[in-house]
Every structure is written in structure tokens, then in C-alpha cells.
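Using the sequences and the hints, build the whole thing.
Protein chains in written order, with the numbering used here: chain B, 55 to 305; chain S, 94 to 333.
Hints in this document: simulated from the structure, not taken from any laboratory.
You may find that some hints are simply not true.
Computed footprint of chain S on chain B, listed as stretches where at least three residues anywhere in the stretch have a Cβ under 8 Å from a Cβ of chain S [what the hints assert, rightly or not]:
| # | stretch |
| --- | --- |
| 1 | 71–85 |
| 2 | 97–107 |
| 3 | 199–206 |
| 4 | 210–223 |
Not the full set, but computed from the structure, chain B residues with beta-carbon under 10 Å of chain S [as the list claims (entries may be wrong)]:
| # | residue |
| --- | --- |
| 5 | ALA195 |
| 6 | VAL238 |
| 7 | PHE262 |
Every residue, glycine too, gets a C-beta built ideally from N, C-alpha and C.
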Amino acid sequence: MPRIRPPFPVTHGYRGRPTVVNNVETFAAATKIAAHGPEWFSAQGTRESTGTKLLSISGDCARPGIYEYPWGVTLRRVLEDCGATDALAVQVAGPAGQCLPEGAFERRLAFEDIATGGSLMVFSAGRDILELVNNFTEFFAHESCGFCTPCRVGTALMRDLVKKVCAGRGTRYDLEQLQRIAQVTRATAHCGLGHTAPNPILDTLKSFPEHYATRLRPEDYTPAFDLDGALEAARRLTGRDDAQAHLREET
Amino acid sequence: MSATLRIDGREIPFSEGQTIMDAALAAGLYIPHLCHNPEFSPHGSCRVCTVRVDGREAAACTTAAAQGQEVANEDEQLNRYRRALMEMLFVEGNHICPACEKSGNCQMQAVAYYTGMLAPTFAYFYPHREIDASHPEVVIDFDRCILCELCVRASRDVDGKSVFAIAGRGLRAHLIVDASSGRLGDTDFALSDRAAHVCPVGAILPKRHSYEVPGHRRYDQAPISVVGDVTTREQGDGHD
Numbered sequence: 055m056p057r058i059r060p061p062f063p064v065t066h067g068y069r070g071r072p073t074v075v076n077n078v079e080t081f082a083a084a085t086k087i088a089a090h091g092p093e094w095f096s097a098q099g100t101r102e103s104t105g106t107k108l109l110s111i112s113g114d115c116a117r118p119g120i121y122e123y124p125w126g127v128t129l130r131r132v133l134e135d136c137g138a139t140d141a142l143a144v145q146v147a148g149p150a151g152q153c154l155p156e157g158a159f160e161r162r163l164a165f166e167d168i169a170t171g172g173s174l175m176v177f178s179a180g181r182d183i184l185e186l187v188n189n190f191t192e193f194f195a196h197e198s199c200g201f202c203t204p205c206r207v208g209t210a211l212m213r214d215l216v217k218k219v220c221a222g223r224g225t226r227y228d229l230e231q232l233q234r235i236a237q238v239t240r241a242t243a244h245c246g247l248g249h250t251a252p253n254p255i256l257d258t259l260k261s262f263p264e265h266y267a268t269r270l271r272p273e274d275y276t277p278a279f280d281l282d283g284a285l286e287a288a289r290r291l292t293g294r295d296d297a298q299a300h301l302r303e304e305t
Numbered sequence: 094m095s096a097t098l099r100i101d102g103r104e105i106p107f108s109e110g111q112t113i114m115d116a117a118l119a120a121g122l123y124i125p126h127l128c129h130n131p132e133f134s135p136h137g138s139c140r141v142c143t144v145r146v147d148g149r150e151a152a153a154c155t156t157a158a159a160q161g162q163e164v165a166n167e168d169e170q171l172n173r174y175r176r177a178l179m180e181m182l183f184v185e186g187n188h189i190c191p192a193c194e195k196s197g198n199c200q201m202q203a204v205a206y207y208t209g210m211l212a213p214t215f216a217y218f219y220p221h222r223e224i225d226a227s228h229p230e231v232v233i234d235f236d237r238c239i240l241c242e243l244c245v246r247a248s249r250d251v252d253g254k255s256v257f258a259i260a261g262r263g264l265r266a267h268l269i270v271d272a273s274s275g276r277l278g279d280t281d282f283a284l285s286d287r288a289a290h291v292c293p294v295g296a297i298l299p300k301r302h303s304y305e306v307p308g309h310r311r312y313d314q315a316p317i318s319v320v321g322d323v324t325t326r327e328q329g330d331g332h333d
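If you want it as C-alpha cells, here you go:
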């Protein structure tokens with residue numbers, strides 16, 4: 055379970071002592087600064103984001119792999135270089151990051167624009183955005199440690215609602231509930247996992263509303279469970295399986 | 094001169110080491126909560142005490158009070174969050190108030206009413222959980238456990254027994270009992286333990302003590318913001 059912060063590792067880390075927590079990329083950058091000097095380093099990138107960034111590019115592109123760019127590079131340039139010719143969306147910084155549509159491809163990878171730890175997943179035009187949301191939402195429900203209410207219950211509720219919409223059983227009301235759960239989880243969770251778990255849903259509801267809209271049923275409300283399936287136990291008990299023992303399929 | 098913070102514009106004094114919740118309780122100001130009990134170290138798991146501290150949401154029970162802090166507590170958006178959190182707790186377990194011995198004396202029910210929750214709007218999970226009636230004096234109805242860990246903390250920190258713990262992750266997180274059989278009757282747990290009297294819901298109940306008469310229960314006449322937590326009353330005597 056993530057501990058209550060503050061204190062942060064900078065003041066209370068390993069064995070309660072001030073601790074530097076950096077990833078390997080930072081140590082590599084520090085080595086290069088030591089070798090080539092700070093002027094060499096800060097000449098690359100933008101004013102707010104100096105130096106370069108390693109990107110791990112995967113998904114629908116001809117040349118996936120590890121790329122190094124000066125900070126400030128546009129998403130479009132990166133997509134061209136890796137051979138992503140018909141990208142529908144790019145997931146930047148992993149499931150907890152941002153899902154960006156084509157309209158954002160002129161934006162820049164930089165702390166002042168699109169911040170990233172380096173993960174970049176390309177999704178091409180043939181992809182189903184809701185399948186992406188379904189995968190990520192399931193991931194967060196699985197990863198939740200279960201300590202706090204919003205993350206423990208909220209991620210599971212979001213997972214089930216996304217599945218309901220994916221299965222073509224959702225309504226406009228389910229999208230409203232998804233937004234509501236997403237906002238509560240983002241605002242009240244104990245740690246970063248819960249704060250960011252709703253991102254795939256909130257991002258795609260904004261950028262790809264049509265991917266949701268085409269899956270919705272016209273009713274105001276549909277139940278969370280299969281009504282006819284709920285009668286199965288009664289059918290078994292009474293030994294019936296005729297048409298009268300089934301709910302008529304709604305049209 | 095003592096340090097102060099402001100809650101909903103009201104100047105509240107606090108001393109070094111206090112949380113926002115400590116300062117509020119000392120000033121007689123109610124911030125809704127379930128997993129917090131000033132007898133035990135703060136936990137911060139239910140998130141019902143979420144307030145806005147200088148524009149950012151944080152749990153009042155685990156956030157240190159600081160000079161000049163601007164805290165929002167009674168606020169429509171915060172109340173919406175809290176109501177949604179209560180709904181989450183209600184659909185996660187099996188909370189059937191009309192059939193529960195704790196009804197009227199239940200902190201969860203009282204906080205739900207306080208936030209304006211009348212019925213959950215989320216889909217119920219209907220988990221299957223067994224009742225543990227193996228102990229001669231106390232029964233555990235796991236259907237009602239909200240994982241606040243008050244019994245865990247009381248048994249460990251006050252009773253020195255560590256009878257309880259939480260096992261499992263995510264939605265599978267659940268209360269367990271320290272016995273190879275997993276049953277309370279096979280532990281040294283006793284009705285006189287503090288842990289037997291801190292449950293804010295109807296999960297840990299004394300046996301041979303059934304329903305209270307409606308009208309005379311703790312939350313029948315006034316809201317929890319006025320009469321306070323259920324566990325403070327039970328201190329010392331669970332049968333008053």
C-alpha cells in the first residue's frame with residue numbers, strides 16, 4: 055500500500071533517510087552532462103525542457119523501437135519517423151497518460167506541453183478505441199491494491215460499465231455514471247494509480263465521443279445484468295425452457 | 094500566539110502535529126468520516142473526509158494542519174464526491190439496512206444520510222461472503238465490512254492481539270482472522286477487547302443483543318454531525 059505523503063522520499067526515503075529516486079535515463083543524462091558540459095546539454099530541447107528524451111514506441115507502426123529526440127519534437131514528426139502512416143490515436147505515457155487524437159499531433163513532447171516518461175503507443179485507423187479503453191480500465195481494476203474506496207470500488211465499477219458499453223448494452227446514462235465515477239476517483243483516491251486510472255475514459259469520451267455513441271442503446275436505462283439470464287435458475291428449478299419461460303428479446 | 098487554519102472561512106486553532114481532522118474535531122466542527130477514530134493512528138482509506146486544501150483534494154484525517162491553510166469542507170462538489178464514495182461502499186458489500194441489527198446506530202448509514210444518499214445508483218456487486226458465528230460472544234458478518242481497519246488497529250495497538258488483518262487486493266481485499274481455521278472462535282478474541290467495540294458498521298456485533306427500538310437509536314433524533322460517532326458512545330460499555 056502506498057504510504058501517506060508527505061513526507062516524500064527526498065526527506066524520508068530509504069531507512070527513513072533523505073533519498074534520491076531517479077531512473078536510469080536521468081543518470082545517463084547526468085553522465086553526458088559531466089562529459090560534455092551543461093551548455094552542450096541545454097542547447098538541446100526547449101527552454102523549459104532541456105536535453106533529449108528516450109521514447110519507447112510500439113503499436114501500429116512500421117518501425118517500433120527506442121528513439122531519442124530533443125524535447126520539443128512534435129508528435130507528427132515522431133509518427134513519421136516510426137512509420138505510423140494512418141494513426142488514429144497515440145497513447146502517450148502509458149495507460150495513466152493521455153490518449154491523443156489526430157488534432158493533437160502538432161503538439162510537442164515537452165514538460166510544458168505533452169509530458170511523458172517515454173511510452174508511446176500508436177493505434178491506427180482500424181482500431182476500436184473502446185477496446186483500448188476496455189484494456190486499460192481492466193488493467194487499473196487489476197492493479198488496484200484495494201486500500202482506498204474510490205480506487206478499489208471505482209476502478210471495478212468503471213471496468214464493468216466500459217464492458218457494458220462495449221457489449222452494446224450501455225446507454226447515455228451509463229456514460230454519465232462513468233464520468234461521475236471517473237471524477238470522484240480522480241479527485242479522492244489515495245495515490246497516483248487511482249488519480250490517473252480514469253484518464254483513458256475521460257480522454258476518449260472527450261476526443262472520441264462517436265466511438266461511444268455508436269455503441270449506445272436508445273433507452274434511458276438498461277440494467278447492469280442480463281434479465282433473461284437471471285431467470286435461468288428458476289427455469290432449471292421448474293424444468294421449463296419453453297418460449298414463455300424466456301423474456302422476449304428487446305428490439 | 095497559536096497557529097491557525099481556516100475551514101469554510103472559520104478560523105481554527107491547531108497545535109504542531111495535528112491533522113486537519115484533529116483540529117476540526119477539537120473545534121467541534123464535523124467532517125464526515127468512517128475509518129477515522131481519534132483513538133487510533135490515522136488511516137485514510139475510506140476517503141469520506143476528503144476536503145479541499147488550498148484548492149486540492151486531500152483526506153482531512155491524514156493531512157497535516159499548516160499555518161494559513163484554506164480548507165473547504167461543506168461544499169456542494171465535495172458532498173457529491175462523498176455521496177458517491179458512500180454509494181461505492183454500499184454496492185461493494187451487502188448492506189441491507191432494514192434487516193441489520195446496527196440500523197439506527199450505524200455510522201455508515203448515518204454518514205450516507207448526512208451526504209444525502211438515499212439509495213446507491215451504482216450496480217451492486219452482490220459478493221458472496223460467509224458469516225463467522227464461531228465465537229461464543231461475537232459474530233462477524235463480513236457482508237457489512239467496509240475495510241476501515243478500525244478493528245485491525247484496535248486489536249493490534251490497544252489489545253495487543255492482532256486478531257485481524259486485511260488480505261487480498263483490489264475488490265478482493267477482505268478482512269481475515271488470525272487463526273489457522275480462519276475462524277474468530279479459534280482466536281483469543283474477547284468481547285472485552287477494544288476491537289469488539291470500534292466497528293462503525295454492523296460487521297462485528299456482540300451476540301445475544303438484537304434490534305434496538307426505533308426512536309431510541311443514536312441517529313434517530315439528530316444527524317451524525319450533531320451526535321457524533323457510534324464508537325465513542327460504545328467506549329467502555331457496548332450495551333447501553
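How the hints compare with the structure:
no. : hint    : in the structure
1   : 71–85   : violated (count 0)
2   : 97–107  : violated (count 0)
3   : 199–206 : holds (count 7)
4   : 210–223 : holds (count 4)
5   : ALA195  : 6 Å, holds
6   : VAL238  : 4 Å, holds
7   : PHE262  : 24 Å, violated
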